[in-house]
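Colleague: The listed protein sequences correspond, in order, to chains G and Z. In terms of my numbering, the first sequence has 89 at position 89, counting the first letter as 1, and numbering is strictly consecutive. In terms of my numbering, the second sequence has 174 at position 174, counting the first letter as 1, and numbering is strictly consecutive.
Careful: at least some of the hints might be erroneous.
Just so you know, same-sequence chains aren't split out, so a pair can sit in one copy or run between any two.
Claimed, not checked - With a cut-off of at most 25 angstroms between alpha-carbon atoms, the simulated BS3-like pairs for lysine-lysine come out as follows:
(1) K148 - K2
(2) K217 - K234
(3) K234 - K149
(4) K217 - K248
(5) K149 - K172
(6) K174 - K217
(7) K248 - K149
(8) K2 - K145
Note that these hints are calculated values from the structure, not bench results. All figures in this text were calculated on a predicted structure; none of them were measured in a lab.
There are 2 protein chains.
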Amino acid sequence: MKILLTNDDGIDSLGIITLKAALSGIGDVTVVAPLFEQSAAGHGITIKRALRIVKYYKDDQFFGFAVDGTPADCVKLGINTIMRTPPDLVVSGINHGSNTATNIIYSGTVSAAREAAILGHHGIAFSINSREAANIDTLAPICAKITKKFYETGIRDGLTINVNFPDIPASKIKGILLTRQGNSRFEDEYELRFDHIGRESHQLTGILADLDAHDAKTDHYALMNNYISVTPIKLDLTDYDYLHELEKNNLGEIISQSN
Amino acid sequence: MKILLTNDDGIDSLGIITLKAALSGIGDVTVVAPLFEQSAAGHGITIKRALRIVKYYKDDQFFGFAVDGTPADCVKLGINTIMRTPPDLVVSGINHGSNTATNIIYSGTVSAAREAAILGHHGIAFSINSREAANIDTLAPICAKITKKFYETGIRDGLTINVNFPDIPASKIKGILLTRQGNSRFEDEYELRFDHIGRESHQLTGILADLDAHDAKTDHYALMNNYISVTPIKLDLTDYDYLHELEKNNLGEIISQSN
């Protein structure tokens, strides 16, 4: 099986290095990843300038292709320009930090896997619930097993698999929960800073507050209870219930009054 | 009513200038928009550096606050730092170019309105189906009417309203259709370019191919048939049907075999 591997922490992060090693046991891995960190890049793509690709070496060995763009750019460019034959799966991660609940909307890691779905391929995103990723060595082999399983069973067109790990040794993992995306809210704070010549600037701080982590069906519940969380996400953002409810609003009046 | 107005084309674009004028007839408008164009920024936010805010003047008159960040940054900073009292509605646009179908995932305009929902507020995104936006003067008053209508009726928590206009005179608009997000696929092409010192680089070209524009329930169908399209979108990306289907996959085996 052919795997396109990317991430958002950058091509020299522990997460992608460890995951490449684990995935190499189950397939041919081509790494196409951002040269520099792209955390919180969301599903941005680069349209105003041309992208550059450089070969990146680790310990004097060719490791992969580094791109001066976003995670979604890496998937587009990887499939279109770098790989000679299309990948069977696109894998993104392992991200340093969880991508659960509303947070996945900001996530470059999840967006990269989702870009595969937009292009008619399939993607899986892996994240671990801490910046340090202390237990990544014991968890990466499980990523490889999950990847292999989805390669064998297939993923429905248009869908993306979002996987999160608690940062505990594999032996302590209680199991895998199929979860829904939880609900969280960013409680923003901007801290006033002064730049190198004393001008005011504003640094985002603040926390992401979980609104339904008590609900055993959610992704953040799974992590807090030592389970791996697996959530299928889709491209269609329409709220169908509210679509029907909006019929009551008589928006049509606006046009008949305007004409 | 208090309106926070933003966009992704930048604070000096015709779309936001025209929309500010139209919305000023129904409320107090505070403009907080990117200083430079942020098209295709997706739902990226700036976390690695502090943001700067500069007052932007048009024709020697104060027009709004320009931010060196993404559209979603503008909404966060506008609500948290710039506005003294929270807005009743966040409005984004008018975008030069439609934001329909899968394309909305890349859209800075739609993401800005959606950021309002993440913060516990409500947002509406407006786009017009051409770069030139030739009929924007006759269409902007309809944006104001739609905004007023949603202010009066309210928007359900967590939802965002995505509105697209065909670029035709208001008198030719056939009506408003409540639509679902259509399905489209980016048929990527990267054009080989050479930079200022002759190094290879890759410029994204290619087209977004509509896969279901024949379906009268979709947003792109509405535009092609001279209707305004109104689509409610949500924050929860979970595919619940597939979530149940995944139970058959026995992912749990992976962990029992690992331990």
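Colleague: For every hint, state whether the structure bears it out.
Modeller: Hint by hint, here is what the structure shows:
1. K148 - K2: Classified as within: same-chain Cα gap 11 angstroms, cross-chain 52 angstroms, threshold 25 angstroms.
2. K217 - K234: both (18 angstroms within a copy, 18 angstroms between copies)
3. K234 - K149: This pair counts as within: shortest intra-copy Cα distance 20 angstroms, inter-copy 30 angstroms.
4. K217 - K248: between (32 angstroms within a copy, 17 angstroms between copies)
5. K149 - K172: Within one copy, since 21 angstroms is at most 25 angstroms while 54 angstroms is not.
6. K174 - K217: Cα proximity of K174 and K217: one copy only (15 angstroms, versus 44 angstroms across).
7. K248 - K149: between (46 angstroms within a copy, 12 angstroms between copies)
8. K2 - K145: This pair counts as within: shortest intra-copy Cα distance 15 angstroms, inter-copy 52 angstroms.
The structure agrees with every numbered hint stated previously.
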